[in-house]
Structures are given as C-alpha cells and as structure tokens.
Amino acid sequence: MEQKKDKAKETEQYVAREFKKSFSLGIFFLLVTLILPILNQFAGGFMLKKLIGNLSVTYLYSVLLIYIVAWVITIYYVVRTDREEEEH
Amino acid sequence: MQQPIATALVGVIVAISVTVAFLSRRFTRSTSEFYVAGRGINAIQNALALSGDYMSAASFLGVAGLVWAYGYDGIWYAAGFFAGWLVLLLFLASPIRRFGAYTIADFVAGRFHSRPLRIAAMLGTLMVSLFYIIPQMVGAGELLGLLLGWDYVFAVVIAGTLITIYVVLGGMRATTYNQIIQCVLLWTAMFVVMTLALGKFNFNYSELLGTVAEYTEPGRWLDFKNSFALIFGLVLGTAGLPHILIRFYTNPSGRSARWTTVFTLLIIGTFYMMTPVVGLAARSLLGDTPTTTNLVLPMLAQHVGGEWMIGIVIAGAFAAILSTVAGLVIASTGAIAHDLFTMLVPGASDKRQVIVAKLTSVGVGVIAILTGLLFRGYNVAFLVGLAFAIAASTFFPVLMLGVWWKGTTEKGALAGMIVGMVGSGVMIATSLLKVHDLANPSIITVPASFLAIYLVSKLDGKPPADTLEFMHKVHMPEKVHEAAE
Chain S
991 MEQKKDKAKE
1001 TEQYVAREFK
1011 KSFSLGIFFL
1021 LVTLILPILN
1031 QFAGGFMLKK
1041 LIGNLSVTYL
1051 YSVLLIYIVA
1061 WVITIYYVVR
1071 TDREEEEH
Chain L
13 MQQPIATALV
23 GVIVAISVTV
33 AFLSRRFTRS
43 TSEFYVAGRG
53 INAIQNALAL
63 SGDYMSAASF
73 LGVAGLVWAY
83 GYDGIWYAAG
93 FFAGWLVLLL
103 FLASPIRRFG
113 AYTIADFVAG
123 RFHSRPLRIA
133 AMLGTLMVSL
143 FYIIPQMVGA
153 GELLGLLLGW
163 DYVFAVVIAG
173 TLITIYVVLG
183 GMRATTYNQI
193 IQCVLLWTAM
203 FVVMTLALGK
213 FNFNYSELLG
223 TVAEYTEPGR
233 WLDFKNSFAL
243 IFGLVLGTAG
253 LPHILIRFYT
263 NPSGRSARWT
273 TVFTLLIIGT
283 FYMMTPVVGL
293 AARSLLGDTP
303 TTTNLVLPML
313 AQHVGGEWMI
323 GIVIAGAFAA
333 ILSTVAGLVI
343 ASTGAIAHDL
353 FTMLVPGASD
363 KRQVIVAKLT
373 SVGVGVIAIL
383 TGLLFRGYNV
393 AFLVGLAFAI
403 AASTFFPVLM
413 LGVWWKGTTE
423 KGALAGMIVG
433 MVGSGVMIAT
443 SLLKVHDLAN
453 PSIITVPASF
463 LAIYLVSKLD
473 GKPPADTLEF
483 MHKVHMPEKV
493 HEAAE
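First to last, the sequence lines map onto chains S and L.
Our numbering numbers the first residue of the first sequence as 991 and each following residue consecutively.
Our numbering numbers the first residue of the second sequence as 13 and each following residue consecutively.
Be aware that one or more of the hints could be misleading.
Claimed, not checked - Mimicking DSS-like on lysine-lysine, the simulated pairs with C-alpha atoms at most 30 angstroms apart in a straight line are:
1. Lys1011/S / Lys999/S
2. Lys995/S / Lys470/L
3. Lys491/L / Lys999/S
4. Lys474/L / Lys423/L
5. Lys446/L / Lys237/L
6. Lys418/L / Lys485/L
7. Lys470/L / Lys485/L
8. Lys997/S / Lys418/L
9. Lys999/S / Lys446/L
10. Lys994/S / Lys491/L
If you are wondering where the hints come from, they were derived from the structure by calculation, not from laboratory data.
From a predicted model like this one, the values you see are computed outputs, not experimental measurements.
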C-alpha cells in the first residue's frame, strides 16, 4: 500500500516537472509565433524596416527567426529530457 | 501538354512503389506489422517517412502558389505547417509512443475506458482524413491531367489504385519505405528548383526580393484576424492529425519518438524555408502568367530548367500526393478495421483482423477515388486548412488534457470532442455560406473544446480509477518500466 502511494506521488511529481518544462517552452514558442501578426498590425513601421538589403524585419522573422527558435528549443528540450531520463 | 520525361519519371515512381510493396508483403501477417510496422522503424527512417507523410500537395504545390499569388501572406502557411511540430514534440510525441497502441481511438479509449469516446475518436479520424484525402486526389487529377495530358478521371483512378495496392500489399512497412523515398524526391525537387530560380538573381536573395518588393509586405490577402486565426489553426492542427500521430507508434521507444521529431523539424523546416524563395521567384519571373496557384511551381520549373525540371517537379508532386494519401488510408483503415471492427467483433483472431484491414484499405481507396472525382475543382490548400481546423478542435484539446491533467473525466473528454468536432463543422459550413468571414475556426473552437473538457470534468469529478497508472505508463521513462518488470 505504502509502495503504491510512493509510486503515485513519484508519478505526480514527475508529470508536474515535465509539464512545467514543456509548458514554459511551448508558451514561449507560441508567443514567438503568434506575436508576429500582432507586431505586423500594431508596429507596422518597425516591422517593414529593411534589415539586410531588401529583407525586412517581418520577412526575416517569418522565413528565418521562427525556424531558428523552433530548432533551438527542440534540441534543448530533447537533449535535456534525454539527460533527465538517464539520471532518473 | 505532353511531357515524356515527366511521364517516364512518374512511371519510375509507380514501379518503385509497387516493388517496395511487393518486397514488403511478408510484413503484413500480423496487425502489429500492418498498422505499426512491428514498432521497428528507427528515428531517422521515421522522420523521413513522417516528412513525406506530412508534406502533401498543399505543401509542395500549394504554398509556393500562395506565395506567388499573395506574397508574404502565403508564407503564413509555411510557418504554420512547420510550427505545429514543436507543439507535437513538447506535449504529445513521447506519451503517445509510450502508450503503444495502433490508433488515436485506442489512446483515448485506453485513457478513459469509454466506448462512446472510441466511437467519437473513430468518427473524428475519418472526418479529418477524408477532408485531407479529397484535396490530394483533386491535386493528383489536376496535376497529371493538365501536365501530362491524362484524363482527370484516369489520373485520379491511377493514383488511388496505386496507393491502395501498396497499402494492401505491404501495410505500414511498405508505406514507410515508400514515404522515405518520396520524401527524398520531393525535398530534392524543391531544392533544385529553388537553386535554379535563385540563379536567375545571381544567387542573391535580396536582389530577388527587390524585384517583387510589394509582395514581401503583409496584407495582400489576410487581415489581422484571419492571419492570427490561420496560424493558430495550423499550429494546433498538426498536433491533432491522426495520420501523423499514429506514425509515432512505429518508433521503438519514447526517446526515439522525440528524436524522430527533431529530425522531422530539420527536414520540413528546410523545405518550408525554400517555398517563399520559389513563390517569389515565380512572381518575379512569371508575373501573372500562371492561371492557377497549383501550377505555379511546375511552370517556374519549366522556365528555369526546361523539360527535365518540369519532369522532376511533376514527379515530386506525385510523390507528395502518394505519400500523404497512403498515410491517410492507413489511418482511416485503422479507424474502421481496428476501432470499429474489434468493438463489434471482440476476440477476432489477429489473422482475421489483418484480412479485414486489407479489405477496408480497398474500401478506403475506392472512397478516395470517388471523392477525388466528386470534388473536382475545389481549392487544395483551403481544404487542407479545414482538415487542420477539425483536427485541432477535435483531437488536440482531448489529447492534451488527457495526457497532462489527471482531473480529466470521460464525460469531460466526450463533451470536448463533441464541441470541437461539431463546432468546427458548423463554423466551416457557416463560413462557406458566408455567415461570417472567419476562414479558420480553430481560434474559437479549440478554446471552446478546452473549456468544455475542463468544466464538465470539474462538474463530473470522477476521473477513471487508474488515471495515475495511465500517467505512469505514458510519462515515466522506459527504464523505470523495465526496472519494474
């Protein structure tokens, strides 16, 4: 009985920790993605500013930044989770 | 227009597909082999297969066409199709694999031990898959019809028959190997077109954008509300697509499922990064010449590389269609032959289930052909967008809360699925009838589904007794389970 309770507690703690990690990374990425239409709407002047040659802030954001942020989060999450599972 | 090189390349794809299926035929003797390739597909193989499964005619032809037509606003589709994968990785990939079943209905029913939920998940799978199959078949008919001079009906029948043959002969194993080959082909085709197109601008991205400056700014197509809604629907829709989710079952472990997603994000990310270049190059080089968005890429290919290039692009598009429809046929077959059949005939032998699965695949193939013929002329990318909306509303909330919130109850999950499925259906129908102008309803129906699950679960207050055991199974690392055994 005691062992069952320990297992349940361990699972709950593990799920809570995993959720915190996934949720914080997920919310960060959703903000990065969903803020783009908002910035285009409310900070149009800045977003249309040319950054490199004819590539504007909003263009680079949509064809480059979103991808790089996603890749970085992905690698960070998978490597960290693999390590945590090894240590568990 | 007759294209001997394209016709030959399409013939080669057909020959390869059937050969792979023939060689894989011994791998369909059990349900585990038929549906999940014996869970023996490694991370890189599965990433290539998933990318082939995911990148459909809408991605290959549709996005470049939309960027040509609307410039920056078309790029939303590329970003949205890509971004959804991260949500899938962070919240669902590993738990779904650890549960280790065959279909999404298995997963939902396993969490809540509920027959009505199994039926709802089965219906949801069929609804999403059908909305997804229709544009692929329409794409196949139009593409092969217009570019190879094939009759539309003949083209749809050929594509549908070929897919059915290799799914029936080789099950998930043949589908996987074919998707791998098709993924390499379509990625390479896009890369070659992009390189040749960029060559026309001295390999200078900025120079290309300078020629179509007005197309690099937002607002030619979508207003603020609709661009926001579209991104929202595409991002969450990916994490609810049954034909994508079931591929995670083919991995050997949760860790392998995570690495699969990493490789998939690299493959499809680099693919979607190429589509704006191709779309804008088409705008610059072809102007208003293309008559339909779906033919922009082949026309650009012809412009920059002649007959060989158009051949490669047609072959790439054909590969994109085959790989996606095959995945959808497997998902729909699982919904009918596994979810429904095993519920109606409990205790049926494994051999009998495989026979039923193969017969069902033939039935689904026939339906794919018929719907392809029926919906001739419908817009490809728009229909795929609707499939994403239904997937996001029907499956994402229930999977998300089912996996992460122990308080979710059977009644709550059922309420959420019904609100999501019916809500998205009603919103799409009313949008088509011009009652409102919200093109992608997920922004309303996804929160509504989450809310329904939360409120009904709270009122109900009776989560299944084995919820913590389920959580233990899907969240704890494999080595914890191995130690317990």
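Hint check:
{"no.": "1", "hint": "Lys1011/S / Lys999/S", "verdict": "holds, 19 angstroms"}
{"no.": "2", "hint": "Lys995/S / Lys470/L", "verdict": "holds, 24 angstroms"}
{"no.": "3", "hint": "Lys491/L / Lys999/S", "verdict": "holds, 18 angstroms"}
{"no.": "4", "hint": "Lys474/L / Lys423/L", "verdict": "holds, 9 angstroms"}
{"no.": "5", "hint": "Lys446/L / Lys237/L", "verdict": "holds, 16 angstroms"}
{"no.": "6", "hint": "Lys418/L / Lys485/L", "verdict": "holds, 13 angstroms"}
{"no.": "7", "hint": "Lys470/L / Lys485/L", "verdict": "holds, 24 angstroms"}
{"no.": "8", "hint": "Lys997/S / Lys418/L", "verdict": "holds, 15 angstroms"}
{"no.": "9", "hint": "Lys999/S / Lys446/L", "verdict": "violated, 52 angstroms"}
{"no.": "10", "hint": "Lys994/S / Lys491/L", "verdict": "holds, 18 angstroms"}
Checked against the numbered hints given earlier, the structure breaks only hint 9 and satisfies all the rest.
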